[in-house]
Amino acid sequence: MKESIMILDACQQITDLKLVSSTWGNVSIRLENGNIIITPSGIPYDEIREEDIVLCDKDGNVIEGTLLPSSELKMHVALYAKRSDVNAIVHTHSLYASIASSIFDEVPILVEDVAMVIGSTIKVTKYKLPGTAELANEVVNIIEDGNAVIISNHGQVAVGSTMDDALLSAQMCEKAAQMYVMAIQSGRSPRALSDRDINVLYEKYVNSYKKLKEKK
108 MKESIMILDA CQQITDLKLV SSTWGNVSIR LENGNIIITP SGIPYDEIRE
158 EDIVLCDKDG NVIEGTLLPS SELKMHVALY AKRSDVNAIV HTHSLYASIA
208 SSIFDEVPIL VEDVAMVIGS TIKVTKYKLP GTAELANEVV NIIEDGNAVI
258 ISNHGQVAVG STMDDALLSA QMCEKAAQMY VMAIQSGRSP RALSDRDINV
308 LYEKYVNSYK KLKEKK
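Take the sequence shown: its letters are residues 108 to 323, numbered as in my numbering.
Calculated directly from the structure, the hints in this document are not laboratory data. Owing to the predicted nature of the structure, the values given are computational and were not obtained by experimental measurement. We put the beta carbon where it would ideally sit given N, CA and C, even for glycine. Treat the hints with caution; some may be incorrect.
Listed next, the in silico BS3-like pairs over lysine-lysine satisfying Cα-Cα at most 30 Å (straight line) [unchecked claim]:
#, residue 1, residue 2
1, Lys282, Lys181
2, Lys282, Lys230
3, Lys235, Lys311
4, Lys165, Lys230
5, Lys235, Lys165
Label pairs and their in silico Cβ distance ranges [said to hold, decoys possible]:
#, residue 1, residue 2, range
6, Ala188, Asp123, 28 to 36 Å
7, Asn142, Leu202, 28 to 36 Å
8, Ser296, Arg156, 45 to 53 Å
9, Arg295, Glu213, 15 to 23 Å
10, Gly149, Arg295, 39 to 47 Å
11, Ser293, Glu213, 12 to 20 Å
12, Ser148, Asp192, 24 to 32 Å
13, Gly172, Thr239, 19 to 27 Å
14, Leu124, Asp304, 23 to 31 Å
Could you build the full structure based on these sequences and the hints that come with them?
Below, the structure is given as structure tokens:
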């Protein structure tokens, strides 16, 4: 299944980008029939094989797989149920997003490339225990129609219509968090882009740059 290879490639990318370590975090794709494939629980990213990936239905019931699905399966199921535009999810415990998750209520957007990809200020959820329905509901409610959210005292979740989009959102969420943490350390108040300008930049990316990239 080509989507399983995409999952493995995504696992390698988030490892190479140092967005994850060991077994923390998870990746999933929604298939055309509505089913979900997701990384297994407790397996290091460099050891995951195609046959380890778990196939679930849209409600999270396991259809195929000998391993347990990720402990955050509820969150993936809830996001797909809420967002018809989302077909891929990347959840990581990247360093700066995790730092930001314990300090801020939101991460403002400081630069244009992040605005183009994320599309809104990155909000931070309230703390909920991992793997719970409460966390899943909190993430869904806070992310709204954005492409990334930071989970309090935990990490980040990035979404996209494709796996490439979700991976880019994860990278830009981490960049936004790193920039804001470093900017605050300067002792000065960073100048954030306005909601209006973020929206203009995002629409420009979606309607121009992204379409040009998809044609290549």
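Outcome of the hint check:
For the given pair, lysine 282 sits about 27 Å from lysine 181 by alpha-carbon distance, which is consistent with the 30 Å threshold. Taken as a hint, the lysine 282 and lysine 230 pair is honoured in the structure, with Cα atoms around 15 Å apart against an allowance of 30 Å. Of the supplied pair hints, the one linking lysine 235 and lysine 311 is violated, its CA atoms being roughly 35 Å apart against a limit of 30 Å. Of the supplied pair hints, the one linking lysine 165 and lysine 230 holds, its CA atoms being roughly 26 Å apart against a limit of 30 Å.
The suggested pairing of lysine 235 with lysine 165 holds, with an alpha-carbon distance near 23 Å, which does not exceed 30 Å. In this structure the hint that alanine 188 and aspartate 123 lie 28 to 36 Å apart at CB holds, the actual value being about 31 Å. Between asparagine 142 and leucine 202 the beta carbons are some 33 Å apart, a value that agrees with the proposed interval 28 to 36 Å. At about 49 Å, the CB distance of serine 296 to arginine 156 agrees with the hint of 45 to 53 Å.
Checked against the hint of 15 to 23 Å, the pair arginine 295 and glutamate 213 passes, with Cβ atoms roughly 18 Å apart. At roughly 43 Å, the beta carbons of glycine 149 and arginine 295 sit within the given window of 39 to 47 Å. Taking 12 to 20 Å as the suggested C-beta distance range, the pair serine 293 and glutamate 213 conforms, at roughly 19 Å. Against the hinted window of 24 to 32 Å, the Cβ-Cβ separation of serine 148 and aspartate 192 comes to about 27 Å, which satisfies the hint.
Distance hint check: the CB atoms of glycine 172 and threonine 239 are about 22 Å apart, consistent with the given range 19 to 27 Å. Taken as a hint, the range 23 to 31 Å holds for the pair leucine 124 and aspartate 304, whose Cβ atoms sit roughly 27 Å apart.
Hint check: a violation occurs at hint 3 only; the rest are consistent with the structure.
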